[in-house]
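Number of protein chains: 2
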Amino acid sequence: MFSFSSKTERNAELRQDPITGKWVIISPQRAERPQEFDTRPRRIRHGPCPFCPGNEELTPPATLIKPNVSASPQEPSWKVRVVPNKYPALVDSEDCAIESGIYRGRTGLGVHEVLIETPRHVQGISDLTREEMLDVLEVLMSRLAALKSREHLRYVMVFKNVGPLAGASVEHTHSQIIATPVIPPTIEAELAGTGEFFRGHQSCIYCQIVQYEIAKAVRTVQITPHFLAMCPFAARFPYETWILPRQHNARFSDLERGLWGELIQITKDLIQRIEQTIPGVGYNVILHDAPLHDDVPFYHWHIEILPSTARPAGFEWGSGVHINSVFPEFAARSLREGQAS
Amino acid sequence: MFSFSSKTERNAELRQDPITGKWVIISPQRAERPQEFDTRPRRIRHGPCPFCPGNEELTPPATLIKPNVSASPQEPSWKVRVVPNKYPALVDSEDCAIESGIYRGRTGLGVHEVLIETPRHVQGISDLTREEMLDVLEVLMSRLAALKSREHLRYVMVFKNVGPLAGASVEHTHSQIIATPVIPPTIEAELAGTGEFFRGHQSCIYCQIVQYEIAKAVRTVQITPHFLAMCPFAARFPYETWILPRQHNARFSDLERGLWGELIQITKDLIQRIEQTIPGVGYNVILHDAPLHDDVPFYHWHIEILPSTARPAGFEWGSGVHINSVFPEFAARSLREGQAS
Numbered sequence: 038m039f040s041f042s043s044k045t046e047r048n049a050e051l052r053q054d055p056i057t058g059k060w061v062i063i064s065p066q067r068a069e070r071p072q073e074f075d076t077r078p079r080r081i082r083h084g085p086c087p088f089c090p091g092n093e094e095l096t097p098p099a100t101l102i103k104p105n106v107s108a109s110p111q112e113p114s115w116k117v118r119v120v121p122n123k124y125p126a127l128v129d130s131e132d133c134a135i136e137s138g139i140y141r142g143r144t145g146l147g148v149h150e151v152l153i154e155t156p157r158h159v160q161g162i163s164d165l166t167r168e169e170m171l172d173v174l175e176v177l178m179s180r181l182a183a184l185k186s187r188e189h190l191r192y193v194m195v196f197k198n199v200g201p202l203a204g205a206s207v208e209h210t211h212s213q214i215i216a217t218p219v220i221p222p223t224i225e226a227e228l229a230g231t232g233e234f235f236r237g238h239q240s241c242i243y244c245q246i247v248q249y250e251i252a253k254a255v256r257t258v259q260i261t262p263h264f265l266a267m268c269p270f271a272a273r274f275p276y277e278t279w280i281l282p283r284q285h286n287a288r289f290s291d292l293e294r295g296l297w298g299e300l301i302q303i304t305k306d307l308i309q310r311i312e313q314t315i316p317g318v319g320y321n322v323i324l325h326d327a328p329l330h331d332d333v334p335f336y337h338w339h340i341e342i343l344p345s346t347a348r349p350a351g352f353e354w355g356s357g358v359h360i361n362s363v364f365p366e367f368a369a370r371s372l373r374e375g376q377a378s
Numbered sequence: 038m039f040s041f042s043s044k045t046e047r048n049a050e051l052r053q054d055p056i057t058g059k060w061v062i063i064s065p066q067r068a069e070r071p072q073e074f075d076t077r078p079r080r081i082r083h084g085p086c087p088f089c090p091g092n093e094e095l096t097p098p099a100t101l102i103k104p105n106v107s108a109s110p111q112e113p114s115w116k117v118r119v120v121p122n123k124y125p126a127l128v129d130s131e132d133c134a135i136e137s138g139i140y141r142g143r144t145g146l147g148v149h150e151v152l153i154e155t156p157r158h159v160q161g162i163s164d165l166t167r168e169e170m171l172d173v174l175e176v177l178m179s180r181l182a183a184l185k186s187r188e189h190l191r192y193v194m195v196f197k198n199v200g201p202l203a204g205a206s207v208e209h210t211h212s213q214i215i216a217t218p219v220i221p222p223t224i225e226a227e228l229a230g231t232g233e234f235f236r237g238h239q240s241c242i243y244c245q246i247v248q249y250e251i252a253k254a255v256r257t258v259q260i261t262p263h264f265l266a267m268c269p270f271a272a273r274f275p276y277e278t279w280i281l282p283r284q285h286n287a288r289f290s291d292l293e294r295g296l297w298g299e300l301i302q303i304t305k306d307l308i309q310r311i312e313q314t315i316p317g318v319g320y321n322v323i324l325h326d327a328p329l330h331d332d333v334p335f336y337h338w339h340i341e342i343l344p345s346t347a348r349p350a351g352f353e354w355g356s357g358v359h360i361n362s363v364f365p366e367f368a369a370r371s372l373r374e375g376q377a378s
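As you go down the protein sequences, you meet chains U and E in turn.
Sequential numbering of the first sequence, starting at 38, is according to the working numbering.
Sequential numbering of the second sequence, starting at 38, is according to the working numbering.
Be aware that one or more of the hints could be misleading.
[Stated by the list, open to error] Pulled a few chain U residues facing chain E out of the computed Cβ check, cut under 10 Å:
hint : residue
1    : Gln239
2    : Tyr243
3    : Phe352
Treat the hints as calculated values from the structure; they're not laboratory data.
No residue lacks a Cβ here, since even glycine has one placed at the ideal position from N, Cα and C.
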């Protein structure tokens with residue numbers, strides 16, 4: 038079973054660490070990425086942009102397109118395109134358990150898509166217009182609904198990497214969608230924590246955090262009628278910021294359409310504050326959502342924004358403890374006041 | 038309590054995420070590092086090397102020195118120096134619980150030291166002689182014994198970052214020692230997993246892995262009479278490799294002196310194999326050891342070596358699931374055969 042001659046001839050596998058139970062994805066397709074074994078610092082790929090209009094044949098055929106119905110013949114015919122990732126972490130192969138002695142895993146059943154947010158070759162959230170972001174949100178909601186209909190998928194992770202230090206290999210602004218047949222450990226830990234708190238207190242711990250932070254006003258960055266942007270008490274990264282709905286809401290896709298504009302505005306404002314405070318910084322934006330099929334009314338969806346100022350090293354990998362050089366109270370004040378670090 | 042005017046006037050704090058229970062270290066001293074907010078890729082610091090002989094005043098006063106007793110007046114007077122980290126993650130301050138509403142933490146009581154492994158300005162393990170590594174091991178064992186006598190410290194993490202991509206900011210070869218008043222989550226997870234396996238099977242899961250891997254011989258890289266170097270089944274990183282003692286042994290400091298030379302040899306061989314397979318690669322070496330004072334006979338110390346080929350991005354931070362582009366079976370074969378990737 039484990040004899041093979043090339044690193045790419047096998048399908049992806051999800052494997053479970055027999056000691057800790059943590060999952061990893063072994064995905065030989067990723068090794069075909071142009072930069073995968075370049076040991077120099079990650080840079081943006083050269084050559085024609087695969088996400089620009091006119092280069093559509095450089096990506097796999099689109100899964101979903103939001104057309105630009107009023108486009109003139111000179112304009113791109115689409116507003117948003119969702120395409121399968123050319124170097125997918127998981128592929129939609131047969132779901133098959135792997136057992137080998139003390140080890141367990143399964144074949145890498147899943148979905149890995151790229152959401153190209155605009156035909157314009159721009160880099161990040163601050164370059165997108167409110168209208169473009171509304172289109173992105175609409176397309177994202179429709180992908181989440183489609184993936185939810187697939188019973189074997191248990192979780193959808195939506196994220197965005199901006200800048201080479203944040204892991205982006207294509208400059209043209211895009212988000213990624215990875216759907217997995219297991220619930221990722223980070224989300225498992227949040228579900229365990231929120232579930233336990235709910236059983237003990239009959240309330241949601243994220244709701245408690247929202248109330249406490251708004252009352253204290255030391256880690257808050259921006260407050261709108263329905264959302265809070267704040268630096269978390271135990272921030273892992275300098276200037277790490279979360280956006281939470283102020284009203285309890287377990288599932289992102291239950292967000293009413295009337296609030297999309299407000300969510301977009303606070304997100305754009307926050308990214309602008311981060312870019313003003315740490316010029317040139319890259320960042321990851323990660324949606325923390327409820328699992329697709331589990332009934333977890335005690336969960337509270339939110340967005341985490343992680344600026345790429347620090348690189349984890351031996352201590353972080355060995356311990357799982359992050360060292361953050363900036364107090365979240367200081368970070369929040371800088372972001373509130375637009376003060377440079 | 039949370040009003041302060043600069044980001045460095047407060048002591049470090051250990052803070053616990055109220056949802057997941059995970060610890061982070063908030064350490065404003067780290068922000069004073071020359072490169073902390075350089076958003077360009079990490080590079081090696083310029084200027085006189087703080088770890089070279091003659092520059093001893095550039096580090097805080099040494100905690101421990103192994104002198105070179107037979108040095109001529111032209112030679113450096115020391116073989117190994119242990120100094121407090123100039124930019125410590127934790128400082129040995131008063132241990133004090135922090136309570137603020139729903140949040141918990143404690144002041145950053147701990148120790149952060151640098152072990153300068155040789156007076157020679159060389160970069161990594163493959164540049165060290167066997168004799169130098171024996172000196173390093175002797176000094177390390179003596180620091181572990183000294184830190185063990187301090188009851189409020191619960192864990193010592195020993196690690197080494199080589200190369201800028203692995204997080205090293207000083208080129209001159211050195212290891213780091215961080216002692217914490219809490220058991221890090223990664224080690225907690227290993228203790229939980231080994232403890233549970235032991236209760237169910239009356240044996241050590243790492244011992245089972247060692248036996249299974251030696252019998253299968255697909256993920257083994259090198260086998261010596263008392264040690265095994267192997268790529269783990271659920272490797273998080275391309276070419277991730279572990280070194281395990283073949284005989285059960287919970288605690289690194291219980292390793293008999295007669296085996297030090299053999300451990301040094303397999304480590305040097307392995308690093309050389311990695312450097313041959315991925316030229317120019319950096320790496321983290323991390324000792325996974327038992328906690329200082331807990332009785333955990335079911336644990337099994339080991340060393341994890343993580344080559345820095347991939348940078349975690351949004352998916353990894355959001356999910357806790359690593360995507361590894363190289364099957365460990367392929368990595369092991371390449372490392373065994375010295376075959377380039």
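Hints and how they fare:
Given the 10 Å rule on beta carbons, the hint for Gln239 of chain U is violated: about 15 Å separates it from the nearest Cβ of chain E. Nearest Cβ of chain E to the Cβ of Tyr243 of chain U: about 7 Å, under the 10 Å cut. The hint holds. The interface hint given for Phe352 of chain U holds, since its Cβ lies 6 Å from the closest Cβ of chain E, which is under the 10 Å cut-off.
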